[in-house]
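So the protein lines, in turn, are chains A and B. Residue numbers for the first sequence follow this note's numbering, beginning at 1 and rising by one. Residue numbers for the second sequence follow this note's numbering, beginning at 1 and rising by one.
Please note that the accuracy of each hint is not assured.
What the hints assert, rightly or not - Facing chain B, a subset of chain A residues (Cβ under 7 Å, in silico):
{"hint": "1", "residue": "Gly64"}
{"hint": "2", "residue": "Leu68"}
{"hint": "3", "residue": "Ala69"}
{"hint": "4", "residue": "Leu70"}
{"hint": "5", "residue": "Pro72"}
{"hint": "6", "residue": "Gln105"}
{"hint": "7", "residue": "Ile106"}
{"hint": "8", "residue": "Arg107"}
{"hint": "9", "residue": "Thr108"}
{"hint": "10", "residue": "Gly111"}
Said to hold, decoys possible - Simulated crosslink set (BS3-like; lysine-lysine; CA at most 25 Å straight-line):
{"hint": "11", "chain 1": "B", "residue 1": "Lys20", "chain 2": "B", "residue 2": "Lys122"}
{"hint": "12", "chain 1": "A", "residue 1": "Lys14", "chain 2": "A", "residue 2": "Lys151"}
{"hint": "13", "chain 1": "B", "residue 1": "Lys359", "chain 2": "B", "residue 2": "Lys395"}
{"hint": "14", "chain 1": "A", "residue 1": "Lys65", "chain 2": "B", "residue 2": "Lys395"}
{"hint": "15", "chain 1": "B", "residue 1": "Lys370", "chain 2": "A", "residue 2": "Lys10"}
{"hint": "16", "chain 1": "B", "residue 1": "Lys395", "chain 2": "A", "residue 2": "Lys151"}
{"hint": "17", "chain 1": "B", "residue 1": "Lys395", "chain 2": "B", "residue 2": "Lys415"}
{"hint": "18", "chain 1": "A", "residue 1": "Lys165", "chain 2": "B", "residue 2": "Lys395"}
As the list claims (entries may be wrong) - Derived Cβ-Cβ restraints for the label pairs, each shown as a range:
{"hint": "19", "chain 1": "B", "residue 1": "Lys415", "chain 2": "A", "residue 2": "Glu71", "range": "22 to 30 Å"}
{"hint": "20", "chain 1": "A", "residue 1": "Thr108", "chain 2": "B", "residue 2": "Lys415", "range": "48 to 56 Å"}
{"hint": "21", "chain 1": "A", "residue 1": "Ser136", "chain 2": "B", "residue 2": "Ala177", "range": "57 to 65 Å"}
{"hint": "22", "chain 1": "B", "residue 1": "Pro106", "chain 2": "A", "residue 2": "Thr108", "range": "47 to 55 Å"}
{"hint": "23", "chain 1": "B", "residue 1": "Asp352", "chain 2": "A", "residue 2": "Ala69", "range": "23 to 31 Å"}
{"hint": "24", "chain 1": "B", "residue 1": "Leu235", "chain 2": "A", "residue 2": "Gly57", "range": "31 to 39 Å"}
{"hint": "25", "chain 1": "B", "residue 1": "Pro417", "chain 2": "A", "residue 2": "Tyr204", "range": "21 to 29 Å"}
{"hint": "26", "chain 1": "A", "residue 1": "Leu121", "chain 2": "B", "residue 2": "Lys415", "range": "38 to 46 Å"}
Hint data in this document are derived by calculation from the structure and do not stem from the laboratory. All C-beta atoms, glycine included, are put in the ideal place defined by N, C-alpha and C.
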Amino acid sequence: MLSIKNLQAKIDDKQILNGINLEIKAGEVHAIMGPNGSGKSTLASVLAGREEYEVLGGEVEFLGKDLLALEPDERAREGVFLAFQYPVEIPGVSTINFMKTALNQIRTHRGQQPLDAVSFLGLMKEKMKLVEIDQSLLNRALNEGFSGGEKKRNEIFQMAMLEPKLAILDETDSGLDIDALKIVANGVNKLRSKNNAVIVVTHYQRLLEYIVPDFVHVLYKGKIVKSGTKELALELEAKGYDWIKDEVSVA
Amino acid sequence: MSVTTTDNLTGQIVSAVQQKINVKADPLRNEALQIFQELGLPAPKHEEYKHTPIARYLEKNFSFAASPASGPLADIKRFFIPGVDANVIVMIDGVFSQAHSRVISPETEIKIQSLGEALAAKNPVATQHFAKYLDIRNNSLAAWNTAAWNQGIFIHVPDNKVVETPVIIYYISNATAGENIVVNRNLIVAGKNSQATVVEKFDSTGSANHFTNLVTEVFVDENAGLDLYSIQHDLNNRFQHNITEIFQKNSSRVNTFTFTLQGKFFRNNLHLALDGEGIESHMYGLYLLNSDTLADNHTVVDHKKPNSFSNELYKGIMDESSKGIFNGKIFVRPNAQKTNAFQANRNILLTDKATVNTKPQLEIWADDVKCSHGCTTGQLDEEALFYLQSRGINKDTARAMMLYAFAGEVLDYVKHPQLKDYLDSVISDRLHKNF
């Protein structure tokens with residue numbers, strides 16, 4: 001589904017990604033871990049098409065398409081979804097209108113009929129249950145005045161609505177208490193299928209107890225320095241990141 | 001003052017006024033014309049007009065020679081706001097058009113007539129309030145208007161009358177035959193415990209330049225409520241100077257809405273004198289500018305007595321090479337304790353060539369007051385744009401969503417449903433809303 005080859009990127013004058021290689025197949029969950037400043041969120045941002053980042057080299061192929069050549073909205077319509085670390089508050093834009101516009105632009109792109117108001121609201125009610133989000137929240141302006149937990153749940157709600165092929169969760173666990181974390185993880189798990197894939201970017205192993213990954217990759221200084229299965233995450237939790245740094249410097 | 005082209009222009013305007021109107025026959029007009037001559041049009045360095053060089057605009061675009069007569073106007077109704085039951089007043093080139101006007105409210109509820117006729121007939125309400133609130137000594141445009149106005153509308157809502165049907169005044173300039181100067185003067189008196197809505201809308205036909213100098217004096221008596229709308233959505237050959245002078249008594253409520261959507265040059269002076277207690281005043285403004293439009297909103301709210309509330313929200317989006325100007329003065333007089341006065345001005349610049357100058361001015365002499373002001377100027381929030389795009393929404397739609405949301409905050413305060421629908425459709429169109 002996703003094939004990243006030797007991806008390098010910078011922001012301002014600082015190179016952050018120094019040659020990332022990663023293959024993700026449909027049905028898989030990959031965790032990207034690593035110490036602060038290792039490039040985890042940069043990777044998520046570059047995949048979603050954030051403009052501040054400049055790609056210096058490498059390739060990203062998504063379902064046979066050159067992902068890097070696409071605008072952020074085109075990527076989303078192809079099936080990429082980024083759950084933001086810091087979801088943006090947009091006063092005056094109602095969540096419902098926003099979601100309806102997004103869903104119908106995606107549906108049109110997929111060759112489906114846009115949903116009418118009734119079917120849209122029906123779908124919304126169904127997906128709201130999934131992340132235990134309240135209608136009153138969605139009647140408000142997008143993320144405006146939402147608590148940290150509500151914002152993250154809204155991200156997963158949007159993911160449920162748009163049914164992406166590749167979901168990238170950028171530090172979705174940050175700022176969540178354990179109950180909110182379980183709700184969010186539960187929502188993600190219900191959306192997992194053999195046809196889609198998930199990248200979980202996280203600093204801590206905590207989230208991975210609830211969203212169990214097939215593979216764990218450790219990012220350090222803009223490169224994947226170690227890959228393994230979920231046991232690697234436990235090892236990192238127990239030993240911290242220093243031993244990885246030592247291994248890298250020895251090598 | 002040195003002799004400049006501004007003086008020449010002033011002289012041209014004076015002779016044009018003298019040709020049209022026998023100012024000597026009316027002491028007030030005569031005095032006003034003398035004041036206009038002394039003051040001259042605001043010079044480029046005039047503090048209140050420094051971003052708005054009105055003399056230069058007028059000099060460049062008008063000759064002030066006698067304008068040729070324009071033919072009759074066809075299809076006036078296309079300028080009407082659809083779906084509104086209203087008392088319709090049509091002014092064509094500043095002249096009241098009986099044929100196109102239609103008042104449906106009973107005369108016991110609201111009296112609408114020519115201001116000139118009301119004054120000539122010594123209507124006691126009109127004579128009591130006419131020219132009492134406008135200061136002609138400090139603003140030459142006010143003096144010009146007072147010397148030169150030919151027609152205007154006098155609206156009187158008697159005590160205790162609630163008028164559900166709004167009054168809509170359509171000002172239509174016929175600029176097909178050549179340049180066109182309109183000087184109109186209105187007076188609105190809202191009696192005690194009365195309630196009314198007055199809408200002014202400005203349109204034109206033809207491609208020649210046209211200038212409107214409009215003064216509206218407004219007296220709002222105790223416990224009366226008045227909503228005033230100014231809809232400035234014409235073609236790019238409109239030049240306009242508006243002065244709205246509002247005087248409020250105890251427990252009165254005023255909402256003003258100024259929508260500046262298209263035209264060449266607009267200067268809106270809005271002045272509210274809060275001469276009583278328990279007053280509530282809201283001033284809302286929205287300016288969506290493109291091309292090389294200049295729109296200048298100067299507002300003054302003057303708290304003269306204790307325990308009143310004023311709130312101002314003006315928002316603007318400047319596209320292409322347009323210029324926005326906002327100046328908001330709040331005065332709180334020494335005995336106006338327990339005043340609440342709030343002001344906000346928010347601007348979005350869409351291009352490098354668009355500009356905005358914003359200046360809040362608070363002068364507070366009382367010590368037990370709550371006042372705040374805030375102005376912001378920025379570009380469209382890139383992070384928010386990216387957020388919307390990352391959900392599959394194309395960039396144009398995402399921009400339109402954000403701009404519409406920004407403008408919508410002002411629209412939200414419009415209570416009249418059909419008026420709101422109309423303004424919504426115009427604003428949606430201007431912002432290319434496609435969602």
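Inset, instruction - Compare the structure with the hints numbered earlier in the document and write down the numbers of the violated ones, lowest to highest. - result: 1, 2, 3, 4, 8, 9, 10, 12, 13, 15, 17, 19, 20, 24, 25, 26
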